[in-house]
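Asks: Below, each chain spelled out in residue letters.
Protein chains: 2
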Amino acid sequence: MRFTSEKRLDDGVLEREFALGDIPGILWTPGSASASAPAPLILVGHPGGLHRMYPRLVERARHSAAEGFAAATIELPGSGDRPRSAAAEQARADLRRALAAGEPVDDEIVDRLVLPLVEKAVPEWRAALDAVLSLPEIGGPVGYSGGVIAIGVRLAVVEPRISAALLFAGSFVPRTMFEEARQVTIPLHVLLQWDDEGNDRQMALDLFDALGSKEKTLHANMGGHTGVPQFEGDNGSRFFARHLK
Amino acid sequence: MRFTSEKRLDDGVLEREFALGDIPGILWTPGSASASAPAPLILVGHPGGLHRMYPRLVERARHSAAEGFAAATIELPGSGDRPRSAAAEQARADLRRALAAGEPVDDEIVDRLVLPLVEKAVPEWRAALDAVLSLPEIGGPVGYSGGVIAIGVRLAVVEPRISAALLFAGSFVPRTMFEEARQVTIPLHVLLQWDDEGNDRQMALDLFDALGSKEKTLHANMGGHTGVPQFEGDNGSRFFARHLK
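In order, the protein sequence lines correspond to chains W and R.
Quick note: the first sequence uses my numbering, first residue 1, plus one each step.
Quick note: the second sequence uses my numbering, first residue 1001, plus one each step.
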């Protein structure tokens, strides 16, 4: 892990861009974090494209920092400045075509789009976790926050250092991953935008039902894919404060 | 409205039992409420049986009072010390039999149980609202909180003094009331216990979908009918604080 830039935001948060091999990432640490009082960590998930997503990512990181959490994110495979995958681009085009035509989305398209992404991304997020947790100012426990929900589900199953997850049910999940969802046991807070135009509501509800955790909460709101209300951001902070402190 | 008893709870809340004609009720006012600073009001809904429900009702009222809200409730028709209705008792027995047998509940049973209850209870709650709002220490705006959800839906449609409602999706709703649900426009916060043994989850989700309000939120949790987590109580308080202050 190699830091490539560093700046102090106006609220005292330290923002550092880094490279993990050829994967770009960003780490935010609250002004209060130090080697003597290491901060718990939230992995900030997103649909890919760090530059495009930056305004929303930094807002979430500031929110987390205000609660004493560090936050880290990395670019997804095939997004942002990382090399494209022809197969993923084709699957994405097929998905868009089906959605634009108002057709049901074939499981086969979802599998082609999401399964290779999960397979590739999850080891990268775990490597990022190794690197970030080796810093003296970052401690544990660790939470995962956001989409891609299939990545969050897989991480919740395979990565024992993740203690709680806030999952955004805003993307398609391969049917084969529902069995995996039953293996999740950590506390979960699931956000669903009820009238999300690019999401399958019934699939999101089925996934929530499948998740194995005894403590799981679903919060559904109006307002489309990006319209999560401010008060739900506060609820997310309280969720992590309950489980990571 | 005739007060029949009065006591001061240890947190300063004034609890007064009253009779509205032959309908018993309870009014709680925060220690801070006065004619010069009248408190906003929350109507505390419940499934019937004031004595049986008292521990939970007083807890909700204390929670509301801590936020500066007065709270009021009345007995439902056919419950507690009020005269039974033979037809309602028969419908309730039929519902219990269907649930115990694991059978789907006929719409006809729900209609027989819930429609007469809504028809009778809603005018009573509106009369209670008239009486309570005539007190100098109680002002507006007014929120409705709780079940019976069909009563909450009808009140939200017909009673313009109700500005926001927290609805507990824990009881059956007649199919004919789904059209009514589309007419609701006030902000709504709906609680659903995901594995509520005496409730129909899909019906609750369909009802949430049908509700006409632009601002509506669904919070679903594990834990059975009475297992609403403490943090959802706090979320309910924040919901009313956003809309009634």
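Since the hints were derived computationally from the structure, they do not count as laboratory data.
Any given hint might turn out to be false.
[Unchecked claim] With the C-beta cut set under 8 Å, the calculated list includes, among others, these residues of chain R facing chain W: (1) R1092; (2) R1096; (3) R1097; (4) F1178; (5) L1205; (6) D1206; (7) A1220; (8) M1222; (9) T1226; (10) N1235; (11) S1237.
[Stated by the list, open to error] Far from chain W, some chain R residues (derived; all Cβ distances over 10 Å): (12) G1021; (13) A1066; (14) R1084; (15) S1163; (16) D1209; (17) T1217; (18) N1221; (19) P1229.
For glycine and all other residues, C-beta sits at the position ideal for the given N, C-alpha and C.
Asks: If a hint holds in the structure, say so; if it does not, say that too.
Replies: Evaluation of the provided hints:
1. R1092: violated (29 Å)
2. R1096: Violated: closest Cβ of chain W sits about 26 Å from R1096 of chain R, beyond 8 Å.
3. R1097: Violated, because the Cβ-Cβ distance from R1097 of chain R to chain W comes to roughly 27 Å (cut-off 8 Å).
4. F1178: With a closest approach of 16 Å, the F1178 of chain R hint is violated.
5. L1205: Holds. Min distance 7 Å.
6. D1206: violated (11 Å)
7. A1220: holds (4 Å)
8. M1222: holds (6 Å)
9. T1226: The hint is violated - T1226 of chain R has no Cβ within 8 Å of chain W, the shortest such distance being about 16 Å.
10. N1235: Holds, because the Cβ-Cβ distance from N1235 of chain R to chain W comes to roughly 7 Å (cut-off 8 Å).
11. S1237: violated (12 Å)
12. G1021: Holds: least Cβ distance 40 Å, greater than 10 Å.
13. A1066: Correct as stated: the minimum Cβ-Cβ distance to chain W is 17 Å, above 10 Å.
14. R1084: holds (38 Å)
15. S1163: holds (17 Å)
16. D1209: violated (7 Å)
17. T1217: violated (5 Å)
18. N1221: violated (5 Å)
19. P1229: violated (8 Å)
In this structure, the hints that do not hold are numbers 1, 2, 3, 4, 6, 9, 11, 16, 17, 18, 19, in rising order.
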